Amino acid sequence: MIELTDKFIDVSKIIEAAKHPSAGGLNVFIGTVRDFHAKKNKRVVRLDYEAYEPMAVAEIQKIMNDAIARWDIKAWAISHSVAKLLPSEIAVVIAVSTAHRKASFEACQFIIDQLKARVPIWKKEIFEDGEEWVSAHP
Amino acid sequence: MIELTDKFIDVSKIIEAAKHPSAGGLNVFIGTVRDFHAKKNKRVVRLDYEAYEPMAVAEIQKIMNDAIARWDIKAWAISHSVAKLLPSEIAVVIAVSTAHRKASFEACQFIIDQLKARVPIWKKEIFEDGEEWVSAHP
Amino acid sequence: MQIKVKTFGIASEIMSGKEVVMEISGNSVADLRRELSRKYPSLDKLNSLFIAVNRNYSEDEMELKETDEIALIPPVSGG
Amino acid sequence: MQIKVKTFGIASEIMSGKEVVMEISGNSVADLRRELSRKYPSLDKLNSLFIAVNRNYSEDEMELKETDEIALIPPVSGG
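Chains as they are written, first to last, in my numbering: chain A, 2 to 139; chain B, 2 to 139; chain C, 4 to 82; chain D, 4 to 82.
So that you can see chain A by itself, here it is in the shape it has in the complex (with noise of 0.2 Å):
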């Protein structure tokens, strides 16, 4: 299941979601809104979400094919926000379950990384005396 939403995420119906009767584990990766940027040494007030909605859940499939191509995955589920979020709010949430557990970490770790790297989403930092779109620049 891929999701992409500007509603609050619900993390348990993604967990439901990558749950299997022959997995052992199942790793979740939930990625939050911190309320600080350390290195700009600014207070964060909300990341405004955007994505290129029809290649942004074609580019995850492809991550997803790659992944079970790698790891004996039973099921999974990914959604991503596209809302304006507030710190400790929910960005991102991954879910996949494999027979044993390795396989869960490696598998979700692989799929966050390959996510932020090439899934065309993109966030805007809104800090108190400015905003920024994350990575644009050098």
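It should be emphasised that the hints constitute simulated quantities derived from the structure, not laboratory data. The structure displayed is predicted, hence computed values, not measured ones. There's no promise every hint is true.
As the list claims (entries may be wrong) - Listed below are several chain A residues computed to face chain B (Cβ distance under 8 Å; list not exhaustive):
#, residue
1, F30
2, V58
3, Q115
What the hints assert, rightly or not - Calculated pairs, BS3-like style, for lysine-lysine (alpha carbon to alpha carbon, straight line, at most 30 Å):
#, chain 1, residue 1, chain 2, residue 2
4, B, K125, D, K48
5, D, K7, B, K63
6, B, K8, B, K43
7, B, K14, B, K103
8, A, K103, B, K20
9, C, K9, C, K42
10, B, K8, A, K20
11, A, K85, B, K20
12, B, K103, A, K43
13, B, K43, B, K103
14, D, K68, B, K8
15, A, K125, C, K48
16, C, K48, A, K40
17, A, K103, B, K14
18, D, K21, B, K85
19, D, K9, B, K8
20, C, K21, A, K41
21, C, K7, C, K21
22, A, K103, B, K103
23, B, K85, D, K68
24, C, K48, A, K117
25, B, K117, B, K40
26, A, K125, B, K20
27, B, K117, A, K14
28, B, K41, B, K103
29, D, K48, B, K40
30, B, K63, B, K103
31, D, K42, B, K63
32, B, K43, A, K103
33, A, K63, A, K14
34, D, K7, D, K21
Glycine included, each C-beta is placed from N, C-alpha and C at the ideal position.
Starting from the known structure of chain A, arrange chains B, C and D on it as the hints suggest.
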């Protein structure tokens, strides 16, 4: 938060307890009961869990002290079942949040690996034609 | 040829629109890149700029058709 | 000395009880181990058997007191 419970584990409660405003990554490991024992080629009917509860809590706390010394853990929570569980039911939930995602994966995997190696909790596998304490014998 | 280009993130701000019509002299992705650089030099300052054709990342040699769905992908930052 | 030993998992089945009173000749963990082997030879077939004293894994040299909380820890299998 460390919990041993003979009720169903409340995954949402454990995740909430591990959230933190300055964390960007929250990794959750959920161990579920497999419906089939591949090596024995047998259907699993049930797992009966048992713990030496005060020592189990103390050992989990030691594991967490080790983890906190190694990674910048912002918040965490662990729940382990001491019930009789059916296939697909949840035996353990570990949730740990860190500023950056890589550490959340590493810490969570360390915790489950250590938990399985040294925390005094036992499970008996109930098959259709017998039962066996897991890992007891060579 | 005339093409419609979808924009996202900082590219929408630089190009002042979510969908921008461009007139390009050739018909390749490289030709589109050249025209983008000329008209929106700020795009060159980005860490990267990929061009997606029909929802796939494309190479510069790729030829464009007027019916293609073309999108600019500035540095992604999901997660 | 006489000590009470908590048992768990397969050790409870081998020793037919959740808490078993043992009479041992010395006063160390090693002495307890010797008596356990003699009285319950099936314990020797386990992959491992640790002895916890006051909720900590103990070494064989450790001396026991009658007031200690002593527990047998057969191979753990949590998770």
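Hints versus structure:
1. F30: 6 Å, holds
2. V58: Violated: closest Cβ of chain B sits about 22 Å from V58 (chain A), beyond 8 Å.
3. Q115: With Cβ-Cβ at 13 Å, over 8 Å, it is violated.
4. B:K125 <-> D:K48: Measuring from Cα to Cα gives roughly 17 Å; hence the hint holds.
5. D:K7 <-> B:K63: 26 Å, holds
6. B:K8 <-> B:K43: Between K8 (chain B) and K43 (chain B) the Cα gap is close to 27 Å, so the pair holds against 30 Å.
7. B:K14 <-> B:K103: The given pair, whose Cα atoms are some 23 Å apart, holds under the 30 Å limit.
8. A:K103 <-> B:K20: Measuring from Cα to Cα gives roughly 23 Å; hence the hint holds.
9. C:K9 <-> C:K42: 16 Å, holds
10. B:K8 <-> A:K20: 19 Å, holds
11. A:K85 <-> B:K20: 19 Å, holds
12. B:K103 <-> A:K43: 23 Å, holds
13. B:K43 <-> B:K103: 37 Å, violated
14. D:K68 <-> B:K8: Violated. K68 (chain D) to K8 (chain B) sits at ~36 Å, over the 30 Å cutoff.
15. A:K125 <-> C:K48: 17 Å, holds
16. C:K48 <-> A:K40: 21 Å, holds
17. A:K103 <-> B:K14: OK: K103 (chain A) and K14 (chain B) at ~24 Å, within 30 Å.
18. D:K21 <-> B:K85: 18 Å, holds
19. D:K9 <-> B:K8: With Cα atoms ~24 Å apart, K9 (chain D) and K8 (chain B) stay inside 30 Å; holds.
20. C:K21 <-> A:K41: It holds: about 29 Å lies between the C-alpha atoms, which stays within 30 Å.
21. C:K7 <-> C:K21: 10 Å, holds
22. A:K103 <-> B:K103: 15 Å, holds
23. B:K85 <-> D:K68: 35 Å, violated
24. C:K48 <-> A:K117: Holds - the C-alpha atoms of K117 (chain A) and K48 (chain C) are around 21 Å apart, at most 30 Å.
25. B:K117 <-> B:K40: This hinted pair holds, its Cα atoms lying about 19 Å apart.
26. A:K125 <-> B:K20: Distance of about 22 Å is within 30 Å: holds.
27. B:K117 <-> A:K14: 28 Å, holds
28. B:K41 <-> B:K103: Roughly 36 Å separates the two Cα atoms, so the pair is violated.
29. D:K48 <-> B:K40: Given that 30 Å is the threshold and the Cα spacing comes to 21 Å, the pair holds.
30. B:K63 <-> B:K103: 22 Å, holds
31. D:K42 <-> B:K63: Outside the cut-off at roughly 33 Å; violated.
32. B:K43 <-> A:K103: The hint holds at about 23 Å.
33. A:K63 <-> A:K14: 22 Å, holds
34. D:K7 <-> D:K21: 10 Å, holds
The structure fails hints 2, 3, 13, 14, 23, 28, 31 (numbered hints given earlier, in ascending order).
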